[in-house]
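All chains, please: the whole structure from these sequences, using the hints.
First to last, the protein sequences are chains P and S. If you count the first sequence from 1, position 240 lands on 240 in this note's numbering, and the numbers rise without skipping. So this note's numbering is basically just the index in the second sequence, starting at one, shifted up by 552.
What the hints contain is simulated information worked out from the structure, not anything from laboratory work. Cβ coordinates follow ideal geometry from the N, Cα and C atoms, glycine included. Some clues are possibly wrong.
Restraint ranges, calculated between C-beta atoms of paired labels, are given here [said to hold, decoys possible]:
no., chain 1, residue 1, chain 2, residue 2, range
1, P, Gly59, S, Glu961, 43 to 49 Å
2, P, His330, S, Gly880, 23 to 29 Å
3, P, Arg413, S, Arg903, 42 to 48 Å
4, S, Ala590, P, Pro11, 41 to 47 Å
There are 2 protein chains.
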Amino acid sequence: MPIASTMQDRPLLISGILEHGRRIYPDSRVITVGADGAVESTYAQVAARAAQLAHALRGVGVVEGDRVATFCWNHQAHLEAYLGVSAMGAVMHTLNIRLFPGQLAFCVNHAEDKVILIDASLIPLLGKVASELTTVEHVVVVGGDGECGPAALAPLEAIPGATIHRYEAFLEGHPSTYDWPELDERAAASMAYTSGTTGDPKGVVYSHRSTCLHALGICLGSVAALTERDRVLSVVPMFHANAWGLAYAAWWCGADHLLPGPFLQPEPLVRAIERHRPTVAGAVPSIWTGVLHYCSAQGADLSSFRLVLCGGSAVPESLMRRFEEELGVHIVQAWGMTETSPVGTVARAPRGVSEAESWSYRVSQGRVVQGVEMRVVADDGAALPWDGQSVGELEIRGPWVTGRYYRVEAPERFDDGWLRTGDVGTIDARGYVRITDRSKDVIKSGGEWISSVDLENALMGHPDVFEAAVIGVHDAKWEERPLACVVAAEGKEPTPASMRAFLSDKVARWWLPERWTFVDEIPKTSVGKFDKKLLRERYEAGALDVVEVATG
Amino acid sequence: MPIASTMQDRPLLISGILEHGRRIYPDSRVITVGADGAVESTYAQVAARAAQLAHALRGVGVVEGDRVATFCWNHQAHLEAYLGVSAMGAVMHTLNIRLFPGQLAFCVNHAEDKVILIDASLIPLLGKVASELTTVEHVVVVGGDGECGPAALAPLEAIPGATIHRYEAFLEGHPSTYDWPELDERAAASMAYTSGTTGDPKGVVYSHRSTCLHALGICLGSVAALTERDRVLSVVPMFHANAWGLAYAAWWCGADHLLPGPFLQPEPLVRAIERHRPTVAGAVPSIWTGVLHYCSAQGADLSSFRLVLCGGSAVPESLMRRFEEELGVHIVQAWGMTETSPVGTVARAPRGVSEAESWSYRVSQGRVVQGVEMRVVADDGAALPWDGQSVGELEIRGPWVTGRYYRVEAPERFDDGWLRTGDVGTIDARGYVRITDRSKDVIKSGGEWISSVDLENALMGHPDVFEAAVIGVHDAKWEERPLACVVAAEGKEPTPASMRAFLSDKVARWWLPERWTFVDEIPKTSVGKFDKKLLRERYEAGALDVVEVATG
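Now the structure itself:
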């Protein structure tokens, strides 16, 4: 006869993360970079303010399940919302400040946000769509108390029926502890919208369970091995994919948080790193590319880092090598998406390989984190072998992976309980995932696949190339051929011939692009990825100046 | 209106741990120390055998929820059972080979074990109670194929109605993969009985959920930070408290397992460490005390260790210091119990303290692991402040803490959803737990508490003392006074006067024992803890030779 477990049925809750940090690490720090120096608070202070925020929200009628949005940079108040809003049972909705106005209004209305916490400096952005917002009852303005007078608040008055508050006044007088409700761990804790290049943004709703398990995942020895001895710099925005879970993970283990506010340019970032000496950081490749170029020119001390996490798009090997050689900083690539909380894989080299061999693993997307599973499937849906050769779409499942989108049917994105990632690639015998393309960016030339990502990464290794994107364009003979869109490094003039020569020992000969175009910058999506859809549109509209080299 | 999370509802299952190790780390190793050298297998091989075991068990009628017991040392087949039995949905019951015969029969019958996997060398132990076992249908004998003939198996034939198998033959011919069932994560996965010194053993039934969460806990940066680069030596028996979760945790992250079989004496342990170079180990203090004395006498290279976990009873500071100074090995104390899976707290020093200050934290029981909570309560049940001063019983709750015992009422052990640990102590403002006594070992002298554990640890720092236990005995004037029971170091003759002088700057003057007795060894319970109940009985029976020193 089967028997029952005797274990306690304690739920995994964000209030548990909050209280653990408050009780065990009261002296750990949350440091926000500001225009006039940093603001530093203790966990005890931040936890007290998170409780005050919860009381204040309850005071204006927020109940369990209500959506409370944030429209903020990375700073202490945003962290207070991360902790307090979810712990009280409301659902924190991080609005991406880089959305186009129409998308922004769509997200607020679709999520039915009742409250928005907004940075004073971002009021003009929200102001553009204020009159279109249909569900917002309260707007709480963070910061800007000194310079931000009634005129600055005016755009918010166009939100129908909304009351406007100041964050500090909103918190004032409320108790500094809160009797957090014992929620179902599967209850909604937070939500975010993905910003695809087609259609309306789609919502993902994280649960307390998924958030806690993902945060444990980040703290694992094989992922970031976070402890209270760390100081974690989240450059990755808290309005994007949970800031990779770093906010929760760092708080849970008592690490210091270093939050850069809006100061994401290389110079202030490097200054903050030198001054506050973080041990761990997370950001997309374009941030680190900027930091590298700044450090090369100016010199800098980045020696406090033991680990730099990089993801969001493929990390060029040249970037990783130069960070290691020139700055002594170890970059570890991770892969994930909003739909996966986001961390799905981490690219640490396996044991037992030489330094030289390790690079082929470090430039892959890596291996799945304990707790999630991946597979690679053929067009007919059959699971393909883990042989490093069989190319197909990558699928993922696990307790921090979404199983659907919020209030919209998208059956094409799911496959028998697995999320289709939209990424195409291989998995090898050790479980290393290698993404060769987004499924929509695949280039099929004469019936064979060319990896735009591999071409881009190889090109970005050229000393005279700052950035490069490769798209597939129509070709009379081969159906599709690659077009290389290149941004020259400052003061440099790379030629197609020199770049083809540079590529010739790095990729198959038939991959070498014949078509080249030089652009001032690669257009980016709202989350900083190459916007290849826009590049294709520009190409088709004849807006790109294409050089075709003769090949023989 | 509240909204639902969109996250996948994927269960946390031991089959997930098994498959992750199999797919991602097929080349990691499981090394078992043997009399004739070590046996080394890959994860791929062990996973295949775990699947074969599951098929074989199903073949003899084992279904989901059935109990499959193990009566084994730490070795590869035991690990195969850890993984395969639970993954198939059966419940692995680890029988403690150090139980008294009556307790052993009680545990098998109370758990209704259907199958027992037993080491050939342990047949005589089970044989003593064979005729009393009422539920066992199959016994599978592990190892001993060479020397263990029919005569050696004979004691098992006294088990009514049981069929006897050989492990290798039992596995042979079965498929090497298994379509693991998708279980409820709260289903029973394994069970263990606590071996208190009073009453029948009490069962704790772990769930898949509790096992997975606990294993994630062990892998955290702040706990053991395990990765595939580790090689984990589990001296702590797999028949006791899940081997501290090391078997699951190490497998999940791909670390090598080094399993010592029955070779737990200092000499073979040190040889195995020197030969196989583990990076992490777990064992009770008495094991490490033996290793230290052996190494002091013989010399040894323990430099492969980056971390030695020690727990099960309080770890003497002198042991930790000598390991660090003489062997260069860092011991970290952890605290837990069978009821807590077992790891509850880990004693790493907080950041920002000097090396000298760090010791007062390292000799504490440490801070709770992310995910569990502790509190200290007064006799009247009120929660006491975390001030490092207020003494009360420690209580714990969390998803890997038991909420009851298996089929026995024990309301006195639970308090409004919290497990009473039976340990008495304090918690300080940084969450450090300090256990001063088992509640039943508390010494109350003139209305004030004396910590027997502190006295013991201080005494064991005396160079001429090998081991020491302190119990409370009746005193006409003070009601109770401490009696120190001392085992002299080899060739040494410590005197009460020298030991009192040694203690005088380490504990309060009124704690100094007047009563002393010298014994050949401190009696231990079946899990290696000081058996103070037996010491008290011997004292009361007049069987101890007590010296009383005059004080003035």
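Against the earlier hints, flag every one the structure doesn't satisfy and list their numbers going up. none
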